[in-house]
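Asker: Residues per chain are reported as follows:
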Amino acid sequence: MNLVLQIWRQASPNEKGRFEKHEVTDMSPNMSFLEMLDVVNEQLIMGGREPIAFEHDCREGICGSCGMVINGVPHGPKKAITACQLHMRSFEDGDEIWIEPWRAKAFPVLKDLVVDRSAFDRIIAAGGYISVRTGSAPDANAIPIPKEDADTAFDAATCIGCGACVAACPNASAMLFTAAKVAHLGLLPQGQPERDDRVLKMVDVMDVEGFGNCTNHSLCQSACPKEISIDFIARLNRDWRRAAAQ
Amino acid sequence: MQLDAKIPTGPIEEQWDKHRFEMKLVNPANKRKFDIIVVGSGLAGASAAASLAELGYDVKCFCFQDSPRRAHSIAAQGGINASKNYQNDGDSVYRLFYDTVKGGDFRAREANVYRLAQVSGNIIDQCVAQGVPFAREYGGLLSNRSFGGAQVSRTFYARGQTGQQLLLGAYQALEHQISLGGVKMFPRTEMLDVVVVDGAARGIVTRDLTTGAITSHAAHAVVLATGGYSNAYFLSTNAKGCNVTATWRAHKRGAAFANPCFTQIHPTCIPPSGEYQSKLTLMSESLRNDGRIWVPSEVGDKRAPKEIPENERDYYLERIYPSFGNLSPRDIASRRAKEVVDAGRGVGESGVGVYLDFRDAIKRLGKSVITERYGNLFQIYQQITGEDPYAVPMRIYPAPHYTMGGLWVDYNLMSTIPGLHVIGEANFSDHGANRLGASALMQGLADGYFVLPYTIGDYLAQTTLAPVSENHAAFREVEREVTDRVKKLLAVEGTRSVDSFHRELGQILWEYCGMSRNTAGLERALNQIPELRETFWRDVRVTGRGEDLNQSLEKAGRVADFLEFGELMCQDALDRDESCGAHFREEHQTGEGEAKRDDERYAYVSAWEFTGVGQAPRLHKEALTFEHVPLSQRSYK
Amino acid sequence: MGRLAALYRSSIGKKILMAVTGAFLFLFVVLHLLGNLKVFQGPDKFNAYAEFLREVGAPILGHGQLLWAFRILLLLSVVIHVTAAVQLARMSITARPVRYRRPFREPATYASLTMRWGGVIIFAFVVYHLMHFTFGTAHPDFVRESPYHNVVIGFQSTAVVAAYVATMLALGLHLAHGLWSAFQTLGANNTRFNSLRRVFAVSVAALITLGNIAIPISVIAGIVQ
Ligand SMILES: Cc1cc2nc3c(=O)[nH]c(=O)nc-3n(C[C@H](O)[C@H](O)[C@H](O)COP(=O)(O)OP(=O)(O)OC[C@H]3O[C@@H](n4cnc5c(N)ncnc54)[C@H](O)[C@@H]3O)c2cc1C
Ligand code: HEM
Ligand code: HEM
Ligand code: SF4
Ligand code: F3S
Ligand code: FES
Chain A
1 MNLVLQIWRQ
11 ASPNEKGRFE
21 KHEVTDMSPN
31 MSFLEMLDVV
41 NEQLIMGGRE
51 PIAFEHDCRE
61 GICGSCGMVI
71 NGVPHGPKKA
81 ITACQLHMRS
91 FEDGDEIWIE
101 PWRAKAFPVL
111 KDLVVDRSAF
121 DRIIAAGGYI
131 SVRTGSAPDA
141 NAIPIPKEDA
151 DTAFDAATCI
161 GCGACVAACP
171 NASAMLFTAA
181 KVAHLGLLPQ
191 GQPERDDRVL
201 KMVDVMDVEG
211 FGNCTNHSLC
221 QSACPKEISI
231 DFIARLNRDW
241 RRAAAQ
Chain B
1 MQLDAKIPTG
11 PIEEQWDKHR
21 FEMKLVNPAN
31 KRKFDIIVVG
41 SGLAGASAAA
51 SLAELGYDVK
61 CFCFQDSPRR
71 AHSIAAQGGI
81 NASKNYQNDG
91 DSVYRLFYDT
101 VKGGDFRARE
111 ANVYRLAQVS
121 GNIIDQCVAQ
131 GVPFAREYGG
141 LLSNRSFGGA
151 QVSRTFYARG
161 QTGQQLLLGA
171 YQALEHQISL
181 GGVKMFPRTE
191 MLDVVVVDGA
201 ARGIVTRDLT
211 TGAITSHAAH
221 AVVLATGGYS
231 NAYFLSTNAK
241 GCNVTATWRA
251 HKRGAAFANP
261 CFTQIHPTCI
271 PPSGEYQSKL
281 TLMSESLRND
291 GRIWVPSEVG
301 DKRAPKEIPE
311 NERDYYLERI
321 YPSFGNLSPR
331 DIASRRAKEV
341 VDAGRGVGES
351 GVGVYLDFRD
361 AIKRLGKSVI
371 TERYGNLFQI
381 YQQITGEDPY
391 AVPMRIYPAP
401 HYTMGGLWVD
411 YNLMSTIPGL
421 HVIGEANFSD
431 HGANRLGASA
441 LMQGLADGYF
451 VLPYTIGDYL
461 AQTTLAPVSE
471 NHAAFREVER
481 EVTDRVKKLL
491 AVEGTRSVDS
501 FHRELGQILW
511 EYCGMSRNTA
521 GLERALNQIP
531 ELRETFWRDV
541 RVTGRGEDLN
551 QSLEKAGRVA
561 DFLEFGELMC
571 QDALDRDESC
581 GAHFREEHQT
591 GEGEAKRDDE
601 RYAYVSAWEF
611 TGVGQAPRLH
621 KEALTFEHVP
631 LSQRSYK
Chain C
1 MGRLAALYRS
11 SIGKKILMAV
21 TGAFLFLFVV
31 LHLLGNLKVF
41 QGPDKFNAYA
51 EFLREVGAPI
61 LGHGQLLWAF
71 RILLLLSVVI
81 HVTAAVQLAR
91 MSITARPVRY
101 RRPFREPATY
111 ASLTMRWGGV
121 IIFAFVVYHL
131 MHFTFGTAHP
141 DFVRESPYHN
151 VVIGFQSTAV
161 VAAYVATMLA
171 LGLHLAHGLW
181 SAFQTLGANN
191 TRFNSLRRVF
201 AVSVAALITL
211 GNIAIPISVI
221 AGIVQ
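Protein chains in written order, with the numbering used here: chain A, 1 to 246; chain B, 1 to 637; chain C, 1 to 225.
If you're looking for bench data, these hints aren't it; they were derived computationally from the structure.
It should be emphasised that the depicted structure is a prediction, and the values quoted were computed from it without experimental measurement.
Check before you lean on any hint, since a few could be wrong.
Claimed, not checked - In silico DSSO-like cross-links for lysine-lysine, where the CA-CA straight-line distance does not exceed 27 Å:
(1) K105/A <-> K201/A
(2) K78/A <-> K367/B
(3) K184/B <-> K201/A
(4) K79/A <-> K367/B
(5) K31/B <-> K6/B
Please model the complete structure; the sequences and the hints are all you need to start from.
Answerer: Listed below in C-alpha cells is the structure:
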C-alpha cells in the first residue's frame, strides 16, 4: 500500500519542530506500524538523512515505551492497543497519516517523537509503593485477599505508564495514571498503612510536575491501551478527600 | 585465569546457611561509605539496587530505557516458580532443585540450584507484600498452575503479565529508595565499558543517550544485571534493545563467558510474515494444552488447512511422543518443528511455520471454554496476523527466547574479575543447558533480593580497596577508547544500514547455531561471521552526530558487539561435541533423534577467556559433579 | 482554616470546592425555577411568593434577613466557583503549550469541553439578569413591587427572550456535564450506580432547561400576560 506520512520532526527540546512529508510506497498491510517506520528510516539512512527518532522496545504492548499520536489519536485508531501493536491493515491504501509526539508541558519533546516521561517516575517515587524491607515479609498466604479486590487491584495495576492518558487529555492531566497506582495499592490490605500519605504525596507531585487538572473529560480512558477506567479517578478523588480531612 | 566456584562444604541443605554465617559483615555505619554500581533495572537489577540501598549502601543504577520500569522483564508472561507446596501436591525445595538440575540436562551447578530452590519461597512472600496482584482462589489464597510440563503446580502467575507485575513491584521498591536518596537512577544511560583498577572492577564508563556525553562512574563494586543476548539472532522474542554489550565488554576486560552456545528456542511464537519483520511475538506455551500441532503429510501441500483431510495430516509430536505429545519439552517441540519445515512441509505463505489447531478442542469443550482460557491470546494472534484462530488454525514457529549462557560467576555471583558481580539472565545462571518455564523470573529475583545483597557485603568486608575516583588514569584511558569507538562508527560512512548487518548475522546464527547444529555448519558460520564483521567496519552507515540522541548509533554499537560475540557462540557450540538440553549437535543423537549427552567428556561448564578480537579464545573448564541428582538420559517417549 | 488552605492548594481540592459550590448553585437554580414557575399561576401568587422570600424566617428574623443570608452564600459560591474554575483552567491551558494539529475528541465529550464557555456565558447572563429583574436598570418599565409585571414586560422583546433561551441552553449543557462530573469529583462512585449518573445528570439538566425556557417563551407567546 502507498501512504502519505506527515511526521513531526524536532531536532532538540528547544528547537521548534515542523511536520515533514514522506510519501512511502508498497508497504505491506501485515507490517506493524513501527515496522513501517523502520522501513522509512532505512530509506532515510540510505539517503544520508537522519532517521525518525521514536521510542520502542518490547513491541508487544507491555513495556510502555512506544507512543505517538496518530491522526490525532494517541496510539492510533484502534482501541485498547499500543502503537507497536497497530498494524498497517488498519489503514487504507493512499491514506494520509499525521504522526505527532505526546504533547504536554510535563513531557518535553527530546527529539522527533521521543518525549521525556520521567515525571511519571517522580510521581511513583513520591509514594507509589508499599514500604517493605527485603526479607521482612510474612508468608504470602498469611493475609487472604478477596478475589474481587485482587482482580480490581489488578485492573488498575495493568497500567504500562505509556502516557497516552496525558496525551489524550485536553488538560494534559495525569489523573488516570496516578489514580491507577493509588487504586492498585489502595485496594490491597498491604497498602492500607500508607494509604492516606500515599495519595496526598502523589497528588502533590502530580501538580508540581505541571500536569493539568482533571475536568472529567474521560478521553484518557478511551485512549488508554489497557482500558483503565475513570472509576479509578473517582476513587482517587475520594481517597484524597478522606486523607485531606484527616 | 583460575576458576574457583567457591562452593561451600558440607551437606547441600546447609551450605547456604553455613556460608551466610561464615560471611564477613560490613559494619552498618560503614555501609554508606561503599558505592555500588548496578547496571540494569530488570527484575535482577531493580531488586538488587533497592535491597542494597535498604542496607545502606550508596547505589547508582543504570538502564538504557527512559524509565527503569521498562526493562525487558516486563514482557514475561507465564509465571514464576516457587516450592511453596501450597497445592499440597508433594512439591518441596528438593523437588524444585531436582527438576531444575534435570531439566537443565545436567549442565548446572548443584549448589547454586539448591540455593535457588531454597529462597524461591521468600520471593513470593516479598512480592505479595509489595502488592504484586498474583492470581487468587475464591478463598482469597494464592492460586498456582502447572507450567512447562512440570508434574506439580508450583507456578505463581498474574494473568498473562507476571513479569510486568513482578517488575513493577521491584521498580516501586527502587523508586522508593530513589526518593530516600539511597539510589541515584541514571535512565537513558548505556554502559559501554567496565573499568578495572589493580585487578578489581572499580567502575564503568557510560554514554548519555540524550546528550551523547561519555562519563565515568567510580565505585567499590560493579553489578551487571543486563539481561540476555537472544537478539544476537536479530529476530527473537526479546525487546529490541536487549543486547550483549555490557557483558561482552566486561568479557573483553577479563570476565570469563560461560556456555554462550546454550540458547533456548521457544516453540510457540508467531512466524515472521516478511523481511521487514522486526521481532517475534511469543504465544504462551499454555496453548499447547489444548491445541494440536500438525503439518500436511505431503511435501509442498499448499491447500487451505480445512481442505486437508484427517488422514493427510501429520500430528508429528503426538506420533513421535505418544505419552507427552503436544506437551513435549521446549527444545524437542522446537527441533521437531524445524525438521518438518526443513523437509518442505511447513505451512503459511513463507512455508515457515506449523499449525496449532484448536478445532478439536472447540468441538470437545465448546468455543466459550476456549475463549475463557485463551481469549486474549487469540486476540493478540488475530491482531498480529489478521487471521481468526477460531476458524483457521494458528501458525506457530520457534524463536530465540532465552539465553542460559552468560558471564561465568562463582557461588557468590562474582565473575572472574574481582568486584564484578553478575546477576539475572546476564550470568551463566542455574539453568544448565535448558531453562524450565517460569524459572528465569525466580532466578532474577533470587539473585537480586536474596543472594547478592549478602555476598557483595562479604566481598566488600574482605577486600581492602584503595580509594579511586573518576579522575584516575584508568578511567581516562577507557573514556578515550569508548569515545574513539563512537567516532569510528560515525566515520565509516559506508553504504549499508546497521540493521542490514544485524539481520545477516542473525540469519547465520539461526541457520548454523540455532535449534540444531553440526560441525560443517558451525565451521561455515565461523568463516562468515569474521567476514561480515570486517564488512561492517568498512561499509556501515551511521547517520547523525555522537553528541545527540542518535538511535542508529546506539544500534551500531550493539551490533558491533554481537558481531564479535556471535563468533564465540559458534566456537562454543563447535567445542561442545555432544548434545545436551537446548544444544543439539546432529552428530550426537539417539536412534529416535534424541539429544545424546556425553557426560564422560562434557560434564563441565565452558568458561571462555578473551584473547583478542578474531583470536581463538582460551577455554577453561569447571568440572560439574552430580551427587544428589543421578545422571540420567531424558526420555519423553 | 489551614486545612481549607491545604484544600485550596491542591488541584483536587479546588475541584472539590467547585463541585460543592456548583451543587449549591444548582440547588439555587432549582428553587429559583420552582418559584419562577408560579408565573403560570397569575400575578398574585407570583408576587406573593416574591414577598414571601423576603418575609421567610420571620418572626425570628427581620424583613429580608434570611434572603440576604442566602444571597451572601450565593455570592460566595459564585466567587469560589468562578475563581477556582479560572485558576484550574489556567493550570490546564499551560499544561499543553503546543496544541495538536487535530486534537483527539469524542462526541460524548461536547458538554465537558464547553464547560468554560458555558460558565462565562452564565456569568455574563447573571450580571445582565440582575440588572434586568433585580435592580431594573436594564428594564424598560421596572416596578419594584411587582416582579410579575417586570417579567411580563421584560419578556416582550424577542432579543431579550432569545438571549434568555440561549443562556438556558448553555446552563443546561453546563449542568449536563457538571452534575455527572460532580459525582466523579466528590468520589461518589459506586460501580452499581455509575451507569445511572449520566442518566440522572442529563435528565435533570433537560428538565431545568425546559422549565426555564418555558417562561420567556410563554410570555412572548402571550400565554402569560
Ligand atoms: C516474551 C518473554 C516471556 C518470558 N516469560 C517468562 C516467564 O513466563 N517466566 C520466566 O521465568 N521467565 C520468562 N522470560 C524470561 C525472563 O523474562 C528474563 O529472563 C528475565 O526477565 C531477565 O531479567 P533480567 O533482570 O536478568 O534482565 P532484563 O529484564 O532484560 O533487564 C536488563 C536491564 O539491563 C539494562 N541494560 C542492558 N544493557 C545495558 C547497558 N549496556 N547499559 C545500561 N543498561 C543496560 C536494561 O536497560 C534493563 O534495565 C520471558 C522472556 C521473554 C522474552
Ligand atoms: C447557576 C450557575 C452554575 C451552576 C449551577 C454550576 C454548576 C456546576 C457544577 C455542578 C460543576 C461540576 C463541578 C465538578 O466537575 O465537580 C461545574 C463545573 C464548572 N463550572 Fe459551573 N456552575 C455554575 C456557574 C458557573 C460559572 C458562572 C462559571 C464560570 C464563569 C462556571 C464554570 C465552571 C467550570 C469551568 C466548570 C468545570 C470545571 C471542572 O469540572 O472542574 N460555572 N459547574
Ligand atoms: C427564564 C428564567 C428566569 C426567570 C424568569 C428569572 C426571573 C427572576 C426574577 C423575576 C428575579 C427577581 C426576583 C425578585 O427580585 O423578587 C430573579 C432574580 C434572580 N435570578 Fe433569575 N430568573 C431566571 C433564571 C435565572 C437563572 C438561570 C439564574 C442563574 C444562573 C438566575 C439568577 C438570579 C439571581 C442570582 C437573582 C437575584 C436573586 C436575589 O434577589 O437574591 N435566574 N430572577
Ligand atoms: S493509564 Fe493507560 S494510558 Fe495512562 S499511562 Fe497507564 S496505560 Fe498508559
Ligand atoms: S481526559 Fe483528562 S480531564 Fe480527566 S477524565 Fe481523563 S484526565
Ligand atoms: S514498544 Fe513496548 S509497548 Fe510498544
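Asker: Are the hints correct? Go through all of them and say.
Answerer: Against the structure, the hints come out as follows:
1. For the suggested pair K105/A and K201/A, the alpha carbons sit about 21 Å apart, so the restraint of at most 27 Å is met.
2. Only pairs whose Cα atoms come within 27 Å are accepted, and K78/A paired with K367/B is accepted, the gap being roughly 25 Å.
3. The straight-line distance between the Cα atoms of K184/B and K201/A is roughly 20 Å, inside the 27 Å bound, and the hint therefore holds.
4. Taken as a hint, the K79/A and K367/B pair is honoured in the structure, with Cα atoms around 24 Å apart against an allowance of 27 Å.
5. Taking the CA atoms of K31/B and K6/B, the gap is near 24 Å; set against the 27 Å cutoff, the hint holds.
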